Amino acid sequence: MLGYYPGCTVRAHQKDNFEKEALAILKTLNIPVEELSEWECCGAVYPLTNDEYAPLLSSVRALKTTQTDKKEGLLTLCTACYHVLKRVNHRMNTDIEAKKRVENYLKNEYDGNTQVLHLIEVLRDMVGYKELKKHVDTPLETEKIACYYGCLFLRPQKELGLLDPENPKLMEEILEVLGAKVINYPYKTDCCGAYHASNQEVISDSASLKIVNAAKKAGATQMVTACPLCKHNLEHCQKDLKEDQKLPINYITVPIAKALGV
Amino acid sequence: MRFPTKTASTGQTEELMDIVQKNVKDCYQCLKCSAGCPLTAHMDYYPHQVMFLAKMDLYHKIIESKSLWVCASCMACSSRCPRDLEPAKIMEGFRTMLLREREQGRVEVTNPKGVPRQALISSMRKLRR
Numbered sequence: 000m001l002g003y004y005p006g007c008t009v010r011a012h013q014k015d016n017f018e019k020e021a022l023a024i025l026k027t028l029n030i031p032v033e034e035l036s037e038w039e040c041c042g043a044v045y046p047l048t049n050d051e052y053a054p055l056l057s058s059v060r061a062l063k064t065t066q067t068d069k070k071e072g073l074l075t076l077c078t079a080c081y082h083v084l085k086r087v088n089h090r091m092n093t094d095i096e097a098k099k100r101v102e103n104y105l106k107n108e109y110d111g112n113t114q115v116l117h118l119i120e121v122l123r124d125m126v127g128y129k130e131l132k133k134h135v136d137t138p139l140e141t142e143k144i145a146c147y148y149g150c151l152f153l154r155p156q157k158e159l160g161l162l163d164p165e166n167p168k169l170m171e172e173i174l175e176v177l178g179a180k181v182i183n184y185p186y187k188t189d190c191c192g193a194y195h196a197s198n199q200e201v202i203s204d205s206a207s208l209k210i211v212n213a214a215k216k217a218g219a220t221q222m223v224t225a226c227p228l229c230k231h232n233l234e235h236c237q238k239d240l241k242e243d244q245k246l247p248i249n250y251i252t253v254p255i256a257k258a259l260g261v
Numbered sequence: 000m001r002f003p004t005k006t007a008s009t010g011q012t013e014e015l016m017d018i019v020q021k022n023v024k025d026c027y028q029c030l031k032c033s034a035g036c037p038l039t040a041h042m043d044y045y046p047h048q049v050m051f052l053a054k055m056d057l058y059h060k061i062i063e064s065k066s067l068w069v070c071a072s073c074m075a076c077s078s079r080c081p082r083d084l085e086p087a088k089i090m091e092g093f094r095t096m097l098l099r100e101r102e103q104g105r106v107e108v109t110n111p112k113g114v115p116r117q118a119l120i121s122s123m124r125k126l127r128r
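Which chain is which? The protein sequence lines are A and B, in order.
When we follow numbering that gives the first Met the number 0, the leftmost residue of the first sequence carries the number 0, and every step to the right adds one.
When we follow numbering that gives the first Met the number 0, the leftmost residue of the second sequence carries the number 0, and every step to the right adds one.
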């Protein structure tokens, strides 16, 4: 049984159906998942400073709750949460001082053994492509999908290690199993501008527009991503275009749910 | 070539070293960081220039720059540095030094309502405190 960690933004944006579709997909593929008994926002950024330990606390609490809830791993949907939780886990395993200080504050020991998994990692490792293909109801014939990974899913490779940081292929492999045609385009690993959406919008708009234009030029009919902030930035940069010129941005669960008939 | 005489004090260099724990003097200006940075169009000092100024102890120029507040910590520079110096970490070190001293960065949150909450949380943590 995996412990499900929604993340503050995915849970707040219920209307987008990211959470609903992801849980329905896992149920169809017979992966048992249950929400953690208690969780809070992971912090949204991994603190790069080496001398402060307070920003690590909420993530360590989530990792510890996975163990006390007796779950085999922590499943997350948002790539930013994946980045933060996995890096904090790595820090707890490698930095003795951070581990001691956090344990002292929380008055609780954490041995660093929780596994942090992302939805597409579960589809590759726990389900497998053969099993996934068996469940395909309606192959996605007409879609030309561009996959956007963003920055936090891939880097730093030593700590995250799920995908190749310069040429990742996991989302493409899953979509090809489901029958879609995937488009290769530049900038799929470039940052969308992230948190500048709330203060210096011109930065995030220009960074995201570069990505969207590259995908459109390569012939994509839709773009998929796994982070709510990336989706917001990629949609917001197109707000001044006419409706038929906009590239639809969807979560990765949308084509998967469509193909599996969920 | 004449260097300006105002360089960082020992206290400042030690503070930066405490926060980042990287030896900036190892940078040999290969420029891979600036080549990979997606937001250089909005910066006044590119990442490799910030590293050079840090190496020369010219902290007052970095502190007055816009680049610290444009960086989105996407780690593209850090993943490419051949000496593992993590320019993103150095930028965060300078931001932290400023925020701890002045308690508020130079960035205002102009759009609190229309964005996903993770944007607000991350920009508050990185740029304001």
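Treat the hints with caution; some may be incorrect.
[Unchecked claim] The following residues of chain A were derived to be distant from chain B, with all beta-carbon distances above 12 angstroms:
(1) Leu22
(2) Met125
(3) His134
(4) Thr141
(5) Lys143
(6) Glu165
(7) Ile202
[Unchecked claim] Cβ-to-Cβ under 8 angstroms is the rule here; a few derived chain A residues that face chain B:
(8) Val44
(9) Asn49
(10) Tyr52
(11) Ala53
(12) Ala79
(13) Arg154
(14) Glu158
(15) Gly160
(16) Asn198
(17) Ala206
(18) His231
Bear in mind the hints are in silico, worked out from the structure with no lab data behind them.
Quick caveat: nothing in here was measured; it's all calculated off a predicted structure.
No residue lacks a Cβ here, since even glycine has one placed at the ideal position from N, Cα and C.
Indices of hints not satisfied (ascending): When the structure is compared with the hints, numbers 6, 7, 10, 11, 14 and 15 turn out to be violated.
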